[in-house]
Structure formats: C-alpha cells, structure tokens
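S.K.: Here are the chains, one letter per residue:
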Amino acid sequence: MRIPCPHCGPRTHEEFTYYGDATVRRPSATGPDAEAAFYDYVYTRDNPCGLHRELWFHQGGCHEWLVVERDTRNHDIKGAVPARSVFSADDAT
Amino acid sequence: MANRYSIFSLLKESLRGHRGWAPAWRDPEPKPAYDFIVVGGGGHGLATAYYLAKNHNARNVAVLEKGYIGGGNVGRNTTIVRSNYLMPGNIPFYELSMKLWEGLEQDLNYNAMISQRGVLNLFHNDSQRDACVRRGNAMHLHGVDGELLNREQVRKLLPMADFDNARFPIMGGLMQRRGGTVRHDAVAWGFARAADSLGVDIIQNCEVTGIRQDDNGVTGVETTRGFIGSRRIGMACAGNTSRVASLAGLRLPIESHLLQAFVSEGLKPLVPCVVTFGAGHFYISQSDKGGLVFGGNLDGYNSYAQRGNLPLVEEVCEEGVALFPCLSRVRMLRSWGGIMDMSMDGSPIIDRTAVDGLYLNAGWCYGGFKATPASGWCFAHLLATDQPHEVARAYRLDRFATGRLIDENGSGAHPNRH
Ligand SMILES: Cc1cc2nc3c(=O)[nH]c(=O)nc-3n(C[C@H](O)[C@H](O)[C@H](O)COP(=O)(O)OP(=O)(O)OC[C@H]3O[C@@H](n4cnc5c(N)ncnc54)[C@H](O)[C@@H]3O)c2cc1C
Ligand SMILES: [Zn+2]
Chain F
1 MRIPCPHCGP
11 RTHEEFTYYG
21 DATVRRPSAT
31 GPDAEAAFYD
41 YVYTRDNPCG
51 LHRELWFHQG
61 GCHEWLVVER
71 DTRNHDIKGA
81 VPARSVFSAD
91 DAT
Chain D
1001 MANRYSIFSL
1011 LKESLRGHRG
1021 WAPAWRDPEP
1031 KPAYDFIVVG
1041 GGGHGLATAY
1051 YLAKNHNARN
1061 VAVLEKGYIG
1071 GGNVGRNTTI
1081 VRSNYLMPGN
1091 IPFYELSMKL
1101 WEGLEQDLNY
1111 NAMISQRGVL
1121 NLFHNDSQRD
1131 ACVRRGNAMH
1141 LHGVDGELLN
1151 REQVRKLLPM
1161 ADFDNARFPI
1171 MGGLMQRRGG
1181 TVRHDAVAWG
1191 FARAADSLGV
1201 DIIQNCEVTG
1211 IRQDDNGVTG
1221 VETTRGFIGS
1231 RRIGMACAGN
1241 TSRVASLAGL
1251 RLPIESHLLQ
1261 AFVSEGLKPL
1271 VPCVVTFGAG
1281 HFYISQSDKG
1291 GLVFGGNLDG
1301 YNSYAQRGNL
1311 PLVEEVCEEG
1321 VALFPCLSRV
1331 RMLRSWGGIM
1341 DMSMDGSPII
1351 DRTAVDGLYL
1361 NAGWCYGGFK
1371 ATPASGWCFA
1381 HLLATDQPHE
1391 VARAYRLDRF
1401 ATGRLIDENG
1411 SGAHPNRH
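From first to last, the protein sequence lines are chains F and D.
Going by our numbering, the first residue of the first sequence is number 1, and it counts up by one from there.
Going by our numbering, the first residue of the second sequence is number 1001, and it counts up by one from there.
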C-alpha cells in the first residue's frame, strides 16, 4: 500500500501511523446529550466495507496528518489531503 | 452409509474404494420460519446451534451462512487455545471454554486433534516477569493452571531459541500446560455434523441481506434465498458483524481489521509447544505435519480484504528470526489473511441488542477460536432464556457507555492496538 502524501509523494504505508476513522468529530462537552455523544465519538464506528476516510500521520516523513480515502475491500487508495484542510473546512460550516 | 469415523469404518471403506462415505451434514432447503436463526456458520454460529439443540432442546434451528462452512475465520486461525487471561470478566469464560475443549471430541464424536501441548509466554525483562507473575496469580485464583518457568527450564524446551540476544534476553516464561492447539477445520465440521444430527438446518450460500422488524422486535431475515422468519435471531458474523448489525440500524463499538498468518515447509520437531515472543508480537507452533504455524500483529488499518500487505510479513519474519535465528533459511509455504471483529476494549460482546429478539455475539478480535465452545454455550443460553450466562455476564454491549471495559491490554479505544 502506498499513500500519496501531498508533500512527499507516494510513500509506503510503513512510514505512516494509522489513527482510524476521520469522520468522527469531538462533540461539545456541555451539550445536553454530551454523554451519549461522547460514547459515539469514542466507541462506535460505521466500519464501512468500501470507501473509508481515515487519518494517517506521516511520522517517517513530513509529519503531516492526512485524511486518506481508501477502499477497505481491496486497499485501493483514492487520494490523500492534509487533515487540517478537511477539519478547518468542517469548522467553517 | 457411514458418517461416523472409526478404524473399522475406515478399513471397510478402504476395501470398498471409499464409495460409501455419506455427507457429514444435510443440505436442506430453508423452511419458511424457525424458532431460532443463527446468522454466520463459523465456529461460533455452529457451536451456538449445537448447544441450542443439545442444552436447550431446540429442534427448529437454522444456521445461515453466506459462503461455505469453514470458509471464515474458523478455518483461517492459527489454532491456539488457552485460558491464561488476567481480567476477572474474562478468566471464568475462557476457562469454561478450555474445559469444553477437553471433552469436545467425546461429546461430538469427532477427532479435532486437540493437543494440550502447552502455551508458553516468554518474558525478556523484569517488568514483563512481574506482569507474568501477576497474570499467573490471577489465573490461580480462578483455578486455572499456570507455571512460571525460569530461563533454564525454557532452555530445555526451546534449545534453538536465542537466549543470548543482547536486547531481548529470554528470562523465563509463563506456561499454561493445558493450553495448546486444535485442528480448526475439524471444529467447524464436528460442530456442523453434531448440530445437523440434532435437527439443525445448516444452510450454506445464504447471505443475510436484511433484518425485518415490527413493533415487537425482529420478525425474520431477508436472504439471497428468500425471506426466513424468526423471532429469535443471533448474529455470529465475526469480521462482518458491523455490516450485518447495520441491517437492523445498529452502530457498534467494532472495527474490522486484517490479521495474517503463515506456514513454513515441514521441519523436524523444533517447537514442542505454542510460544509467544514477549519482545514484540509474534507467536509460533508446529503442526503435526511439521510446518511452523506463526503470526504476529494486525496489519493495523480497517480492512475487509482477506489478504495483507508486505510490511507486516517482513515484521513477523524479523521477529521469528530474532527469537529463533535458525529460522532465517526456512522457506515459507503459504500466507493468508482473515477479517477480525476488533472491539474497542479487546474483549467480546455476548448480549441482547436494542432490537427485541436480536442478539449479538461479536468482538472476538484475534482470540475467538479458543472461545468457540464457550461462546456457543453462552450464546445459546442467551438466545434460549433471554438471560446472560453466568460466565458471560461481563460481555455486555453497554459496558462501553457505562465504563465497565474489559481492557486486558490497557490500550484504550484503539482497536488496532489490542
Ligand atoms: C490469521 C488468524 C489467526 C488467528 N489465530 C487465532 C488463534 O490462534 N487463537 C484464537 O483463539 N483465535 C484466533 N483467531 C481468531 C478466530 O479465528 C476468530 O475470532 C473466530 O474464528 C471468529 O468466530 P467464527 O469462527 O464464528 O468466525 P467465522 O468463521 O469468520 O464465521 C463468521 C461467518 O459469518 C458469515 N457471514 C458474514 N456475514 C454474513 C451474512 N450477511 N449472512 C450470512 N453469513 C454471514 C461468514 O461468511 C463467516 O463464515 C485468528 C484469526 C485469524 C484471521
Ligand atoms: Zn509526507
């Protein structure tokens, strides 16, 4: 599996550390349903069989956090973008 | 026609050119409805159906399997069974499983090649030794056998291991002599035949594609072979648990991950028991044919592909050679992968769900083979009585929400680190 790092080019996934599902978002700690929301945030996952958006940290390279889109059925990687672009876009909406 | 095996039936059949063997189980058409449906014909599903029939007198049970019996993890694992656990929620359950293994071949009248050759966890520094002593003591408190071996005792068992490794010297190990290996296919086949002979319908090539509900809970499943009704449905789908549960709108504390395993060419006796390397994540045993059976970590990322990547192959082989330098020139024959239902605390779930009549058996991570008999025993109990079995009480689905985790590794909600 090679991850196309936007800064370093395609690199073997050994250089990266996996951090799981990139679609979960830390909920508000003060909301009325905070407890249930945190349970979902920490524990439950869609765990899709197919396209999965996931976090990888380029530890053996540029130290960028990436959001990688990968097919869990065949490990085919569709693309990778810096995580901050994804997360700041989320914050803006 | 014969489907019981003995030296006499074997002799008789060899004289007849082996034309008299009967299939070990029927291939029935699905009925319109059953009292109980078990989704998933792996070890756990088959054991569940068997114990439903045997312990609870259920006579109208179906196992629905999307592929063929033995095609999932039950036929892909490295066959290790043990009950050397640490946490109170786990030890009695795995010890029940060990006891069931010890009587299983008689019970099923099937040779599963259960070999109590011992499971030895090596330690390489003082803190690992302390951890092994603690684990051994926890086991003793629950009546489980465990023995601390010193360096010389380990050397007698494993003369070819690298005792002079400067970084990871072998200081000793925790041995569970009752642990060992079991022929995994025979477990699937033995449970299948025994369940079938008690009237269980084993329906292969039957994928569950939907779960129907009304106001009172589940009413049945949509399958590739049509709708099949039932008000008690148990899911035992291992790596595909999230997908099947999502058919009923459930989102679970589970990720699917990939684990690889390897077999070498046949060798003379080298490893008399199961050995785990404490300096990394590597374990090895030797099959009766002489092949070394070994494996290590998960590949580490979500996956439904039953094949892995090369970096993990390299890592596993490096660890093997670090432990047994003599392996460096051994040829590897085969490698394969399986999809594991990794739970968020590394321990299983045997529980009801939010949907009435729908039950969950999942989260077995890479240790579910050893659990097969007890898992079936306890899941059958839950399906038949709607009450958790005594030794599986801790395996609740809501433990993640209530904070009652069973985290043997203490690694938190990172399924790839358990
Ligand atoms: C490489 C490897 C090594 C391992 N080593 C060990 C070990 O040494 N010791 C140990 O204790 N454990 C080990 N394990 C773990 C163990 O194999 C599993 O935890 C256990 O087998 C899972 O339970 P099962 O047998 O019921 O799973 P499976 O055999 O996978 O059964 C699940 C079944 O559900 C079926 N299914 C899925 N979706 C559907 C659907 N929609 N409809 C119908 N059927 C469906 C699947 O086809 C499958 O047959 C290992 C696993 C692997 C992959
Ligand atoms: Zn990079």
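If you are wondering where the hints come from, they were derived from the structure by calculation, not from laboratory data.
Errors might be hidden in some of the hints.
As the list claims (entries may be wrong) - Computed list of lysine to any residue pairs in SDA-like fashion (alpha-carbon distance at most 20 Å, straight line):
#1 F:K78 <-> D:N1309
#2 F:K78 <-> D:G1300
#3 D:K1099 <-> F:R73
#4 D:K1066 <-> F:K78
Stated by the list, open to error - From the derived model, a few chain D residues whose C-beta atoms are all more than 12 Å from chain F:
#5 D1027
#6 P1253
#7 G1300
#8 N1302
#9 C1326
The structure displayed is predicted, hence computed values, not measured ones.
Each residue gets a CB set at the ideal place from its N, CA and C atoms; glycine is no exception.
S.K.: What hints, given by number in increasing order, does this structure fail?
M.R.: Structure breaks hints 3, 4, 6, 7, 8.
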